[in-house]
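Chains as they are written, first to last, in the numbering used here: chain A, 1 to 257; chain B, 1 to 110.
Quick caveat, the hints were computed from the structure, so don't treat them as lab data.
Each hint should be verified, as a subset may be incorrect.
With a cut-off of at most 20 Å between alpha-carbon atoms, the simulated EDC-like pairs for lysine to aspartate or glutamate come out as follows [as the list claims (entries may be wrong)]:
(1) B:Lys106 / A:Glu7
(2) B:Lys9 / A:Asp2
(3) B:Lys106 / A:Asp30
(4) B:Lys104 / A:Asp33
(5) B:Lys104 / A:Asp2
(6) A:Lys115 / B:Asp3
(7) A:Lys115 / A:Glu70
(8) B:Lys27 / A:Glu25
(9) A:Lys170 / A:Asp146
(10) A:Lys12 / B:Asp6
(11) A:Lys12 / B:Glu10
(12) A:Lys12 / B:Asp7
(13) B:Lys27 / A:Asp86
(14) B:Lys104 / B:Asp13
(15) B:Lys106 / A:Asp33
(16) B:Lys14 / A:Asp2
(17) B:Lys106 / A:Glu25
(18) B:Lys9 / A:Glu6
(19) B:Lys104 / A:Glu7
(20) A:Lys12 / B:Asp3
(21) B:Lys9 / A:Glu7
(22) A:Lys197 / A:Asp224
(23) B:Lys9 / A:Glu14
(24) B:Lys106 / A:Asp2
(25) B:Lys27 / B:Asp78
(26) A:Lys243 / B:Glu33
(27) B:Lys14 / A:Glu6
(28) B:Lys14 / A:Glu7
(29) B:Lys104 / A:Glu6
(30) A:Lys152 / A:Glu141
(31) A:Lys152 / A:Asp140
(32) B:Lys106 / A:Glu6
Partial pick of chain A residues on the chain B-facing surface, computed with a CB cut under 8 Å [to be verified]:
(33) Asp2
(34) Leu4
(35) Thr22
(36) Val24
(37) Gly35
(38) Leu47
(39) Gly48
(40) Ser72
Glycine residues also receive a C-beta, built at the ideal position from the N, C-alpha and C atoms.
These are the residues of each chain, in order.
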Amino acid sequence: MDALVEELIRIKGEGAGAVLVTVVESQGLDGFDSGSKCLIRDGRIVLGQVNDQELEQTLLQEAAERLSEERSRLVSVETASGGQADVFFEAMPSPPKLIVVGAGHIAVPLVRMAKLMDYHVVVIDDRILFANHERFPDADEVVVGDMAETVKDLDITPTTYVVLITRGHKYDEPCLRELLDQPAKYIGMIGSKRRIKACFERFKEEEQVSEELISRVYAPIGLDIATETPEEIALGILGEIIKVRRGGKAQSLSQKR
Amino acid sequence: MEDIYDDVKEFLDKGETVAVATIVSTKGSTPREVGAKMVVTAWGEILGTIGGGCGEADVRREAIEVVRTRTPRTVRVDLLDDISSDSPAVCGGIMNVFIDPWWKEKETDG
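Same shape as in the complex, but just chain B (with noise of 0.2 Å):
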């Protein structure tokens, strides 16, 4: 298991709200396997990875959005896309990523 939560726990008692984005299910071929996970701060700052190029930057972008609204939402990345770009991304498969705003003072119930 990756050693994302101690980094978490640093940004929650800065006072910090982080999104963690997990892949929750996949498609085809995929960068990254199913509960894979990467922690996007308020500033765009990432720390682990969920398989890099351009679906990576989409759910960067998201996540931070995630950070400001403090609500989570479901993002699908297609890789089918750019098939014929450059990019060493390019993997053919979809993938579904949860992203959820985490704070301290958040109830872990809902």
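Isolated chain A, as found in the complex (with noise of 0.2 Å):
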């Protein structure tokens, strides 16, 4: 158990995401029995032993869903032998990681309001006036750059939500081109209905970008709740986030027809 819970703080204190497997109950499986564990990372088994290939290949199988859902659940498994057990696969994502590119009036508001849910947070804008601590006192990370540059190189996982809120589209456009095939959970990029419509034509037409690619991108941004000021505009933006975190069924402004 020393090994175990060793390797269970260094997971946490890491931000690594990993899958704590319980047996709960089993019939007829040797060496997997009632409080057997292993625990999963990076797609393999780095504590614990199964000697079943196949229920190894299940037990992985369900925790990168797990993971990926960041649920924990009880899962029943059965095996061509016969045997049968109850699982407990308990999920420890990594903390999701909000990038805001773009660091303007509304950039100030969602940074607060992201870091209050526990986000990793980084602003990113090219201009050192806004793109500061002295603005964002409680982002993790400020960068000054060009933007699409900066976003290029950003490790982006299953676990990034990336909002483009820049001043202009012309700056929102290049980072999302940069964005469309990385594996981020949430792109959302700022702006009217005409202008999004225009940009994601002209991906189509002059990058055969695919529909596929386009159709992951949450633009306009935010959830439809008829917002006004900065303020509500970046909550609209974190319900947003949430909902697509969460699976929940509120309306986004991109969903309006």
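Using the hints, put the two chains back together into the complex; each one sits in its own frame.
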């Protein structure tokens, strides 16, 4: 148990994603009894042993799903040899990362609210007058630099959420282009319906970007809650992010006809 | 994620056995979500919470047994039972709590 507890503490410290698998009940499975455990990280078992290869594959697959859902669950598994077990998958997802591109008037309340919800927050702008720690005291990282170039070099994972709210579409669009084939869980872009449509048409015609990639983008950004002030817009954006993260049903502006 | 494993490590390093109680499934309205944990020591001391109230007290009692016997068990907590009581923990749901003994030398794989 010693090694397991130390590994759990280390994983938490690093903010790495992992799944702790515990057998709650089992029948006909040797060495896979109530209380047996294994720890899964980066798609493999890093602690503990499973003798049955088929069972191991089932556990790995299930663990990957639980991690992407960020939800723990009790699952009933069966093996070809007739064994059966109730297995608890405890998802320990890495903290979600929010990347805010554009440090204008919406970014300020957005960063504050996102920190309240324990996101790891990165702010990017090419103007040091806007992208600085005085303006964003809560932000984990503030980056000054060409926005599209900076976005290109980011480590984007399935727990990354990206918000494009720069001062103009001529800055948003190159950033979006860099993001489209990245595995981000959420990409939202500000702008009017007309301007967004024109942007998407151009991507499709000039750069052969697929409809599938484009349909992932939440634009116009935010939930349909008739926002007016920068604070309200920030709330609408964060609400949409939570909807995507947790699988909610509220209507997005991008779904509105 | 809760900071519960640091506490667990402290107990294990002292040579104690603790019970780790985890909500593994729920039905209806429950005070805490699947995955919520609490640690119970041999003396019945509790760290963390699975929702408080009578349900938690039941789990605590079972957990002390789990520490003593070093054998895991699953406890079904029925929050429908005392719907008429004044306890703030009345939610109307059911939760299954897996209680697992942890001690330093225990093998991870059963």
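Results for each hint:
1. B:Lys106 / A:Glu7: holds, 15 Å
2. B:Lys9 / A:Asp2: Roughly 8 Å separates the two Cα atoms, so the pair holds.
3. B:Lys106 / A:Asp30: Judged against 20 Å, a Cα distance of about 17 Å means the pair holds.
4. B:Lys104 / A:Asp33: OK: lysine 104 of chain B and aspartate 33 of chain A at ~19 Å, within 20 Å.
5. B:Lys104 / A:Asp2: Since the Cα atoms of lysine 104 of chain B and aspartate 2 of chain A sit roughly 5 Å apart, the hinted pair holds (cutoff 20 Å).
6. A:Lys115 / B:Asp3: Distance of about 19 Å is within 20 Å: holds.
7. A:Lys115 / A:Glu70: holds, 19 Å
8. B:Lys27 / A:Glu25: The given pair, whose Cα atoms are some 19 Å apart, holds under the 20 Å limit.
9. A:Lys170 / A:Asp146: The hint holds at about 13 Å.
10. A:Lys12 / B:Asp6: With Cα atoms ~10 Å apart, lysine 12 of chain A and aspartate 6 of chain B stay inside 20 Å; holds.
11. A:Lys12 / B:Glu10: holds, 16 Å
12. A:Lys12 / B:Asp7: holds, 14 Å
13. B:Lys27 / A:Asp86: Within the cut-off at roughly 17 Å; holds.
14. B:Lys104 / B:Asp13: holds, 7 Å
15. B:Lys106 / A:Asp33: holds, 13 Å
16. B:Lys14 / A:Asp2: holds, 12 Å
17. B:Lys106 / A:Glu25: Distance ~18 Å between lysine 106 of chain B and glutamate 25 of chain A Cα, so the pair holds.
18. B:Lys9 / A:Glu6: holds, 8 Å
19. B:Lys104 / A:Glu7: holds, 14 Å
20. A:Lys12 / B:Asp3: holds, 9 Å
21. B:Lys9 / A:Glu7: holds, 11 Å
22. A:Lys197 / A:Asp224: holds, 18 Å
23. B:Lys9 / A:Glu14: holds, 18 Å
24. B:Lys106 / A:Asp2: holds, 8 Å
25. B:Lys27 / B:Asp78: holds, 10 Å
26. A:Lys243 / B:Glu33: holds, 18 Å
27. B:Lys14 / A:Glu6: holds, 15 Å
28. B:Lys14 / A:Glu7: holds, 18 Å
29. B:Lys104 / A:Glu6: holds, 11 Å
30. A:Lys152 / A:Glu141: holds, 16 Å
31. A:Lys152 / A:Asp140: Judged against 20 Å, a Cα distance of about 19 Å means the pair holds.
32. B:Lys106 / A:Glu6: holds, 14 Å
33. Asp2: holds, 5 Å
34. Leu4: It holds, given that the least Cβ distance between leucine 4 of chain A and chain B is near 5 Å, below 8 Å.
35. Thr22: This hint holds: threonine 22 of chain A lies near chain B, its Cβ roughly 7 Å from the closest one there, short of 8 Å.
36. Val24: holds, 5 Å
37. Gly35: holds, 4 Å
38. Leu47: holds, 6 Å
39. Gly48: Cβ of glycine 48 of chain A sits 5 Å from chain B, so the hint holds.
40. Ser72: The hint holds - serine 72 of chain A has a Cβ within 8 Å of chain B, the shortest such distance being about 4 Å.
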